[in-house]
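A.B. asks: Each chain, letter by letter, is given below.
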Amino acid sequence: MTQHNTDYLLQMRDVTFRYQATSEADLLAIAQWDLRVGQKVFLYGPSGSGKSTLLNLLAGTLKPQQGSIRILNQDIALLSARKRDKFRAQNIGVVFQQFNLIPYLSVAQNIEAAAWLAGNTRADLSHRIAQTIRQLQLPTTILAQQASQLSVGQQQRVAIARALINNPRLMIVDEPTSALDSDARDSFMQLLLQVCEQANSTLVFVSHDQSLSQYFDERVSLASLNQAIPAKAEQ
Amino acid sequence: MILSIASGSLKSRKSSVILTIISLVVSISLLLSVEHIRSEAKDSFGRTVSGVDLIVGARTGQLNLLLYSVFRVGNATNNIDWATFEKIQADELVKWAIPVSLGDSHKGYRVMGTSSDYFKHFRYGQKQLLDFQQGEAFGDILQTVIGAEVAQKLGYQVGDSITLSHGVGGVSFSNHDEAPFVVTGILKATGTPVDQTVHVSLESLELVHLPAAHIARYVSDPQAALNQNPLQPKTITAFFLGLNSKFATFGVQRSINNYRGEPLLAILPGVALAELWQMLGTVENLLRVISVLILISSLFGLATMLLASMRERHREIAVLRAIGAGPGLLFVLIQAEALLVSAVATLLSFLLVWLTLVVSNEWLSTYYGLFISTDLLTQDAMLIALMVVIATSIVACIPAIGAYRRALHSGLNQ
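Taken in sequence, the protein lines are chains V and P.
If you count by this note's numbering, then the first sequence holds residues 1 to 235, one letter each, in order.
If you count by this note's numbering, then the second sequence holds residues 1 to 414, one letter each, in order.
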């Protein structure tokens, strides 16, 4: 993969994590994992391999017992819980497998909530929301609709729009296509990679479905990354 | 933003939210009405007698004297000699004196013998004089002025003829059939026991207690009979005093209490009313405690509703966490939902109680002589609203802490 920018977006060093401090074995032990800015990586991991735990560590909702996780040169493990939440709101976009939206809010409100939490008060916010929605090939009439009225495919695209609204440097995407049929999956993947490219966001795409690795230049297996032995069931 | 998320969340759970609001409306309305009626009843109590400086009766308890002379409840233990009344009336400190003689009834309504001074000096409420809706005061014997409720319930008009009964029961074996009274006036409703009273002159009362043969003479030719045999009351039950100077009240009270002719008791109506109210305060407090308990149980219903919703909201919590919400925000969000529900319920309760008062006001004053103000926005009511908000916030901590912990521990995991 050609890399124009040499700066690292993510640098993990000697990270270990266990749920209970008293547990005998670590769940995760990652000696080193670096991602460059704009890199798009396919992280392969079957269920139970500690995927969720790794994502929570990257997002700052869990803290490692040891080691450092530097994102944009900021060791997020050293931040207070409140600052980690703010950091996530401003710099990290998260897309889940399903249920990405708050069902009783409109699409616009869902995206506005993300902007509000990031302290994003730009004057042209509604214009930017409409623009992002169009970018994801959705009609802007969808903005007024309740999230629960959308199809799963539409919801997943809105989820990307929501994640993109604050121009995140890191996108964490967890099995986003598992609820989609193969046609929808293909166009979803194309769109996702395209918008990340445009935004110059680093993408961590997590899946147990190896067939999706075809879209990526780089693939990493969590099993090779994680030196903890033996991997326990994920929480 | 928090408010629009909270209200969206509540709208998505309409049925359980509406049920919770109804339960809260019922309990807050109950609390409001109890509190409102309590303060209004207290006012109405104070209204029963005003402008009277002292009430004098035979020696008894202060409350007993107040109850039988003003509220027409219970009976006098003893009577006062007419001569005593005349002697005290003649005192230079006394401005006016109204004699009261009780003991007879008309269809369950008390009959009160008095003088025409009663209509000149007796005041109630904000020092209002008694007012006639029809007719005028009695002038002659065998004439009567009835209270608004008596006229309303029994359907009497000016000019109708009624007979009194001996004793105070609804049914009496001793009716004064030989001496029918003519209604000369009907008083306006006052919201006091005056509405339930049949007023006659002391002379008329004296008359009906004469032997039948004597009564016949007065009925056939009153003037001649009166000239020959003037009717002179020998005893009365109590009397109201108005003094020339308020400062004389305690002096006159003391001298009446020390009266040598017979054992008397003089009371200050305001003091006695306050004592009576204190006794009734127990009932009032009981009502208050019950309504507060009902409110608390409704608030726990609200907490239960929110707690039950947490079960289906773990995905929502994960989404909010993913976009950067901290556990504290989830705590605030649940609090906001609880406070929205209870604020809506409080507003609806105020509206409901106010509407009920407006609609029933006319009816209450006409049929029951109860004057309840429709002004709900009193300091007490505001205090209740504030109390509801605070209690909601305390109770809502249970689900809010649940949301906080969920957010803290499960992170992005759905």
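No lab work stands behind these hints, which were simulated from the structure alone.
Only a predicted model underlies this, so the values are computations on that prediction, with no experimental measurement involved.
Beta carbons: idealized from backbone N, C-alpha and C, even for Gly.
Some clues are possibly wrong.
What the hints assert, rightly or not - Derived, one-sided and incomplete: chain P residues facing chain V with beta-carbon distance under 8 Å:
1) 5
2) 8
3) 29
4) 319
5) 321
6) 326
As the list claims (entries may be wrong) - Simulated restraints on C-beta separations:
7) 401(P) / 23(V): 40 to 50 Å
8) 144(V) / 14(P): 34 to 44 Å
9) 359(P) / 124(V): 50 to 60 Å
10) 23(V) / 19(P): 36 to 46 Å
11) 304(P) / 217(V): 51 to 61 Å
To be verified - A few chain P residues that face chain V, going by a derived Cβ cut-off under 10 Å, partial list only:
12) 1
13) 322
14) 323
15) 328
16) 375
17) 405
18) 406
19) 408
20) 413
A.B. asks: In ascending order, which of the hints set out earlier in this document are inconsistent with the structure?
C.D. replies: Going through the list in order, the structure violates hints 3, 7, 8, 16, 17, 18 and respects the others.
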